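S.K.: In case you want the letters, here they are:
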Amino acid sequence: MAAVTLDPLSAPLPHTGVLAQPAPSPVLRVNQLAVTYYTDLGRARALDDVSFTLNAGQKLGMVGESGSGKSTLALAMMRMIKPPGRIEGGEVFVGDTELMGLNEEAMRRARLSKIAYIPQGAMNSLNPVIRIGAQMVDAVKAHLPGESRAAIQDRCRQALRSVDLDPGVFNMYAHELSGGMKQRVCIAIGVLLEPSVIIADEPTSALDVVTQCQVMETIDRVQDQIGAAVILIGHDMGLMAQFVDRVAVMYAGRLVEISSVREMFTDPKHPYARALISSLPNLDNRGVFQGIPGLAPSLLRIPSGCAFHPRCPFAMDVCTTVRPEVLELAGGRRVACHLFDEEARHG
Amino acid sequence: MAELLELRGVSKVYTRGLTHSHPTVALREISLTLKEDEPTILTVAGESGSGKTTLAMLLLGFISPTMGEILYKGRNITTLTGPERLAYRREVQAVFQDPFAVFNPFYTVDHLLTVPIKRFKLASTRAEARARMEEALNAVGLRPEDVLGRFPHQLSGGQRQRINVARALLLKPRLLIADEPVSMVDASLRATILETLRNLQRDYGVSIIYITHDLTTAYHIAKSIIVLYRGGVMEAGDVDRVIKSPQHPYTQLLVDSIPWPNLEQRWGEQSIMARESTAPPPGACPFMPRCPKAMPVCASRPPLFQINPHQAAACYLHERQPQLVAEKLSELLPA
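As they're listed, the protein sequences go chains A and B. Counting along the first sequence from 1, when you hit position 107 you're at 107 in the working numbering, and nothing is skipped either side. Counting along the second sequence from 1, when you hit position 257 you're at 257 in the working numbering, and nothing is skipped either side.
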């Protein structure tokens, strides 16, 4: 399919001289990433030509209903999609390294050191019978085999301190920690090797508000320290408003809008994004419940044309037949919706 | 005026091992009354470990209180027998947190809905049972033809949670205990489920105890709120007052941590002390170790002070206000 140049930055960068002013080059470039699950009931296109870029120090929020492909995107970027899923194509650049082309061993080394993943539900991702410290040391050893034992331990304790945990946690077991502490241990493991990209998949979905606030502050602080780019996956728009710089909205495996957080909240473009924003509870609309009518489509039977058209209040004839491509609007916003065909053409 | 539900100084203490060492007070002397003829929505809010779920388990009769008693229509629920017990079981229903864990994957939705109809003999013919099922599903905004005959894995989380509400509604309950009913559901579906719950209260006269840590949804659905911390009531009253002008430092912390989807309203202005490290000294205000305004007097547990007709806080910052006897807590809560 003719991919519109979604982003000028995804084209090869012209070679610049040493003295040239370094433009803020993106630390992460995802280019037409596609994933399909081959199930008994048919092929489910879970990720469909997803492209975006992210600069160092930036925070991108990835929102969408369950089944919209958020977690698949995270796993695909880590190359951890398991059969029956398959990465069908696309590129993921972290700095200058293209992850999809690496061999298995090089990819193993890239995980955690270049791109780290903080999983959903930290309660279940720590080994209950091994001390926290041993699990951290394992991770460092696998990547830095030459490092001395003292240096490794030092690095781990440093990481624990950076997430506000007592270094004594090093000698504890997972069951001795609360949910928020376990989640912070996972963040500490994620930043052990100072990766340039951190993907946090609903890091606070199992935590209560106060702990959630603490964990997000922790992520914010360690990100500042190591200058990493962060992708925050979730469906809580409140959290997004408080934490990220840009918001990307996914629907049925596609990115339908990427905007700065301010534009997203004040002037959402895509009808799905609009519905999402207006369904939010706020202090001044007490008792008004505005859900999004209809249900998310099954990925096995994605509607023709625009996948959102059966639920869209603005659907036009063209929406049922022609799939909208991602359009670039003024201010670098990107929207995949026929409502903006005109606007994008006149630019 | 008859009381639907009455809690009289209910406490629950968990102990460890044979010697009953290391007692944990999960709930401390809660007194509460719900009136039979004034259906209301009451939120019980707090962090994990505050005793919210213990309260739900007590109300549902799954565990019995260590001290105090729970009366349903004037009868102690632990001693109910025969038809009275059956009536209590039918009239007090629950919706739990995780819509993915409460379904048996081997049965279709029909089974889930027919079992209670049979058990409580709600219908005499198959057609009548079917009609009741359809009525309940319609009431929660589901199309019967969409869900009947399907297996749980074919349904979305929001659909499953609404089926749970429909199952409860089928039994024409008087009281619904909703323990974090929307925390595992997509944000876009939350609004729909909350609206369903509110309609239950409004149209069917069901009282709802809405247990949550999410003050945003509490604010939208409830009339009154009780904020728990380590098993004790920290603040209670009208939900609008408590959330817009919280008076207890703990409630202030909770409200401050809400990520409102509003760019002008930043969160986390207060610095937070981790909960883990802070067991309060015995007999002290449970929040004292984390409290930014702790004073020497906090070493003894504060009673509730009534700040205005619809708000009270258990904090010595308000000790000039008249004390409120714990038994009178319900009088604060607007119906």
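Calculated from the structure, these hints are not laboratory results. Since we're looking at a predicted model, the values are computed, not measured. Be careful, since some hints might not be right.
A short list of chain B residues far from chain A (calculated; beta carbon distances all over 12 Å) [what the hints assert, rightly or not]:
| hint | residue |
| --- | --- |
| 1 | E36 |
| 2 | S48 |
| 3 | R290 |
Derived Cβ-Cβ restraints for the label pairs, each shown as a range [what the hints assert, rightly or not]:
| hint | chain 1 | residue 1 | chain 2 | residue 2 | range |
| --- | --- | --- | --- | --- | --- |
| 4 | A | M80 | B | Q321 | 23 to 33 Å |
| 5 | A | G294 | B | D203 | 16 to 26 Å |
| 6 | B | A284 | A | N171 | 44 to 54 Å |
| 7 | A | M172 | B | A299 | 41 to 51 Å |
| 8 | A | M172 | B | T81 | 46 to 56 Å |
| 9 | A | M80 | B | Y14 | 35 to 45 Å |
| 10 | A | V129 | B | A2 | 51 to 61 Å |
| 11 | A | L283 | B | G68 | 35 to 45 Å |
| 12 | B | P334 | A | K82 | 31 to 41 Å |
| 13 | A | P84 | B | A127 | 39 to 49 Å |
| 14 | A | E343 | B | Q321 | 31 to 41 Å |
| 15 | A | R109 | B | A299 | 36 to 46 Å |
Residues of chain A clear of chain B, computed beta-carbon distances all greater than 10 Å [claimed, not checked]:
| hint | residue |
| --- | --- |
| 16 | D40 |
| 17 | E65 |
| 18 | M80 |
| 19 | P83 |
| 20 | P145 |
| 21 | Q212 |
| 22 | D236 |
| 23 | G238 |
| 24 | A241 |
| 25 | R262 |
| 26 | T266 |
| 27 | L276 |
| 28 | P281 |
| 29 | N282 |
| 30 | Q290 |
| 31 | A296 |
Here a beta-carbon is modelled for each residue, glycine too, at the ideal position from N, C-alpha and C.
S.K.: Indicate, hint by hint, whether the structure satisfies it.
M.R.: Verification of the supplied hints:
With 12 Å as the threshold on Cβ separation, the claim that E36 of chain B sits away from chain A holds: the shortest Cβ distance comes to roughly 24 Å. The non-interface label for S48 of chain B is inconsistent with chain A: the shortest C-beta to C-beta separation is roughly 5 Å, within 12 Å. R290 of chain B, annotated as away from the interface, has a beta carbon of chain A within 12 Å; the closest lies near 9 Å. With their beta carbons about 57 Å apart, M80 of chain A and Q321 of chain B fall outside the hinted range of 23 to 33 Å.
In this structure the supplied range 16 to 26 Å holds for G294 of chain A paired with D203 of chain B, their Cβ-Cβ distance being about 24 Å. The supplied range of 44 to 54 Å is broken by A284 of chain B and N171 of chain A, whose beta-carbon atoms lie about 30 Å from each other. For the hinted restraint 41 to 51 Å between M172 of chain A and A299 of chain B, the CB-CB distance of approximately 30 Å leaves it violated. For the hinted restraint 46 to 56 Å between M172 of chain A and T81 of chain B, the CB-CB distance of approximately 48 Å keeps it satisfied.
Hint check: M80 of chain A to Y14 of chain B, Cβ distance near 40 Å, so the stated range 35 to 45 Å holds. For V129 of chain A paired with A2 of chain B, a C-beta distance near 55 Å keeps the hint of 51 to 61 Å intact. Checked against the hint of 35 to 45 Å, the pair L283 of chain A and G68 of chain B passes, with Cβ atoms roughly 36 Å apart. In this structure the hint that P334 of chain B and K82 of chain A lie 31 to 41 Å apart at CB is violated, the actual value being about 53 Å.
At about 43 Å, the CB distance of P84 of chain A to A127 of chain B agrees with the hint of 39 to 49 Å. The given range of 31 to 41 Å is broken by E343 of chain A and Q321 of chain B, whose C-beta atoms sit roughly 59 Å from each other. A hinted range of 36 to 46 Å for the beta carbons of R109 of chain A and A299 of chain B is inconsistent with their spacing of about 55 Å. Every CB of chain B is more than 10 Å from the CB of D40 of chain A (nearest about 13 Å), matching its label as outside the interface.
Listed as outside the interface, E65 of chain A is inconsistent with that label: its C-beta sits roughly 5 Å from the nearest C-beta of chain B, within the 10 Å cut-off. For M80 of chain A, the non-interface assignment is confirmed: its Cβ lies about 22 Å from the closest Cβ of chain B, beyond the 10 Å cut-off. Under the 10 Å C-beta cut-off, the non-interface status given to P83 of chain A relative to chain B holds; the minimum distance is some 20 Å. Separation of P145 of chain A from chain B is adequate, the least Cβ-Cβ distance of about 34 Å exceeding the 10 Å criterion.
In this structure Q212 of chain A is not separated from chain B by more than 10 Å, as the shortest Cβ-Cβ distance comes to only about 7 Å. A beta-carbon of chain B comes within 10 Å of the beta-carbon of D236 of chain A; the shortest separation is about 6 Å. Here G238 of chain A does not stay apart from chain B, with its beta-carbon only about 4 Å from theirs, under the 10 Å limit. Listed as a non-interface residue, A241 of chain A fails to keep its Cβ farther than 10 Å from every Cβ of chain B; the least gap is roughly 5 Å.
The beta carbon of R262 of chain A sits about 6 Å from the closest Cβ of chain B, which is not more than 10 Å, so the claim that it is off the interface is violated. The Cβ of T266 of chain A sits about 8 Å from the closest Cβ of chain B, inside the 10 Å cut-off, so the non-interface label is violated. Not every Cβ of chain B is farther than 10 Å from the Cβ of L276 of chain A; the closest lies at roughly 6 Å, contradicting the non-interface assignment. With a cut of 10 Å on Cβ distances, P281 of chain A falls inside the contact zone with chain B, its closest approach being about 5 Å.
With a least CB separation of 6 Å from chain B, N282 of chain A falls inside the 10 Å interface cut-off, contrary to its annotation. A Cβ of chain B approaches the Cβ of Q290 of chain A within 10 Å, the least distance being about 6 Å, so the stated non-interface status is violated. The non-interface label for A296 of chain A is inconsistent with chain B: the shortest C-beta to C-beta separation is roughly 7 Å, within 10 Å.
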